[in-house]
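Colleague: As a plain string of letters, each chain reads:
2 protein chains.
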Amino acid sequence: MKPINVGLLGIGTVGGGTHAVLTRNQEEITRRAGRPIQIVAVADRNVERARELVGADVTVTDDAFSLVKDPNIDIIVELIGGYTTALDLVMMAIENGKHVVTANKALLAVHGNEIFAAAQRKGVMVAFEAAVAGGIPIIKALREGLSANRIQWLAGIINGTTNFILSEMRDKGLSFETVLKEAQRLGYAEADPTFDIEGIDAAHKATLMASIAFGIPVQFDKAHVEGISSLDAIDIKYAEQLGYRIKLLGIAKRQVNGVELRVHPTLIPTKRLIANVEGAMNAVLVQGDAVGATLYYGKGAGAEPTASAVIADLVDVTRLATADPQNRVPHLAFQPDQLSDLPILPLEEVETACYLRLRALDKPGVLADVTRILADLNISIEAMIQNEPAEGEDHADVVLLTHVAREKDINAAIHKIEALQSIHGKVTRIRMEALNG
Amino acid sequence: MKPINVGLLGIGTVGGGTHAVLTRNQEEITRRAGRPIQIVAVADRNVERARELVGADVTVTDDAFSLVKDPNIDIIVELIGGYTTALDLVMMAIENGKHVVTANKALLAVHGNEIFAAAQRKGVMVAFEAAVAGGIPIIKALREGLSANRIQWLAGIINGTTNFILSEMRDKGLSFETVLKEAQRLGYAEADPTFDIEGIDAAHKATLMASIAFGIPVQFDKAHVEGISSLDAIDIKYAEQLGYRIKLLGIAKRQVNGVELRVHPTLIPTKRLIANVEGAMNAVLVQGDAVGATLYYGKGAGAEPTASAVIADLVDVTRLATADPQNRVPHLAFQPDQLSDLPILPLEEVETACYLRLRALDKPGVLADVTRILADLNISIEAMIQNEPAEGEDHADVVLLTHVAREKDINAAIHKIEALQSIHGKVTRIRMEALNG
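Note that the protein sequences, when read in sequence, are chains U and A.
Using this note's numbering, you'd call the opening residue of the first sequence number 1 and step up by one each time.
Using this note's numbering, you'd call the opening residue of the second sequence number 1 and step up by one each time.
No wet-lab data here; the hints were simulated from the structure.
Treat the hints loosely; a few may be bogus.
You can't tell identical chains apart in this list, so a pair holds if it fits in one copy or across any two.
What the hints assert, rightly or not - The calculated lysine-lysine pairs, modelled on DSS-like cross-linking and capped at a C-alpha distance of 27 angstroms, are: (1) LYS122 - LYS69; (2) LYS271 - LYS222; (3) LYS416 - LYS69; (4) LYS271 - LYS237; (5) LYS69 - LYS222.
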């Protein structure tokens, strides 16, 4: 059967992995897909390195736009990243009737709606398994595997850099700054780590999963995004004492009046399987009304794990390339004219339990003041750690775990607690999720 | 759009769950599938109960054959189980041009090749996500999500009954017989538990996964099948001391000259995520050359978890019903004319590390005899526990962990050890898997 011709935009880490795996496993992939899938052209700024990687039979150019116009190319694989040139290239590929496979979560979380609409008009596919959790087929699981379910919530460790940092901080009792430097040295963190450590990358991925789970348009601008850069090692230790691990979770939860979409450091009970996902590994826990909880675990980044997802998409697109557009799996799981207008809820309306740490003057009555503030706002306390002041100090750490309360009330309580004379400095607040069904 | 009409064969636990979930989530499922999926007819021996469950708008009959002949029905859902009537019904449904969705692992593991060949001839789909690991979309993950990979091995806890029993034996230090009775009382084990406890059910599922992973025909008769009924609680305790859990694993592993396909109690390092899958939960760990290890976890049985998989198949079949047969995902992941003749290896050629427990006379030289036998067969020892004899006894337990060795050599060693005058009774052997990448 006629081969499917692929044009590859960007042959860096993931592009190189995609070429390597397609070449190495060509025989098995062809037996699965029913026809050969071949990279016929590569665009990369570094033409010489690209040429070295792909050999003489493949067209190599530094002009990515020439590929999206090439009538000989069936599928464009976009691995350039970013929102600007990548958007132009993807839109032009679609306009030229090409299917698109991309690993670009930022592009889709921000411009997904216009991209999917254009693809719908042209009857082409846009596949993005590699955009979330690397090689774990979580998009496919959510979109197809769990299609019987009303998804209730999902929670994922979907950024390997931050999970590596949190694991190291806990294991070795080191500070965030120290571990970040180590992670950069080992290649687990970028020179500019902002997107990872500030939770932006996780929020891009959570945005895409929320859309597929609940059938809503992508709405990255409504996500609450909080990273780990201000996380103190002492809170990891206290959490451990209370039976919890701190993970950066991407959370999407259905409520009656809308959808919660948030990324923040989160306490999880240590006994949960997902609390034991360590190092750069990823995992996503999904709660459906029929299936209950299912969990998907694996490598969330790296050349070949991500290539695994890119190529799975290439096989899917190849299998479906000649099918009627209306018979294909919809981009966001639900038929495009059937998306819902369920709003993303403002964080103030979200309810979670919380971990609160305060530095309190060691004298009678202080704890009574704090607990009265909480009680007046209907926030009840589940557990507490009260330390003695260190030698020569008159303040000591007090840690409180609250029961589930509304964010708005927790904010008000924190405000009032910080105003107490007997409390020193800011209150540290970390949200908690029990993650039970 | 015109609804898809489903005929349901058997409305017991899973059939009832399928009807309930399809009804409850009808709006979301239709938004996903692009057209309504409706059960129009049910066949069950208990017509009255079926009538109560589905109401007056659905045809109810005790004649399953009338459904597979009904020209108004597009998809047959087979939930009868067994190899005899179920086979006739499935084959007749296919002959009549109907797609088939089934949860029947026994039927497919034994008769899959003829069923898939018939479906291929008639251009219909046979989907069976519900046949393995209940609601976990593991068939989809293996067949589509990991299609880039050369799968190296997979290992699964794919029988909830036995995992529940093993978890209870370990937790409470109880014997197999005691826990089995408790499991039967709680409904976790059938009145006749043979299929579960003897590993047959797990072997059916492992057979199907092996075919999809490696592109080989189903060959249940070549599987090595060993259950947990003769497992002694003391071995669970010794394994724990050595840092291992004992799980009933279904294992499929690619070797140069063939495929290992085996089900047996297995020691797994406690630190592995899959070793911590407790109770009736299921999990499958898959090692691919590109993606590395991925793990899939969830409920492996029950009305609605299994219904979740049945309905996911219904949505898939609905989406693809009008596509060309050659564009659909192949039954066994690989194109039907591209299956490989890689043989299932005889167990004697399999290599694993082993746990050996023997009752040895407490006198000098006994251990030297045992270790010489092992050394002569090139079996090296990784760890050992040597107990003192209990009060008034002259034999004591000796536990050995070997390094990886060939089954044939381990068998020979056991034979020789049992022949020693100083060894009392049989040697207990449990295989071990490190499950690292």
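Colleague: Does the structure break any of the earlier hints, and which numbers would those be?
Modeller: 2, 3, 5
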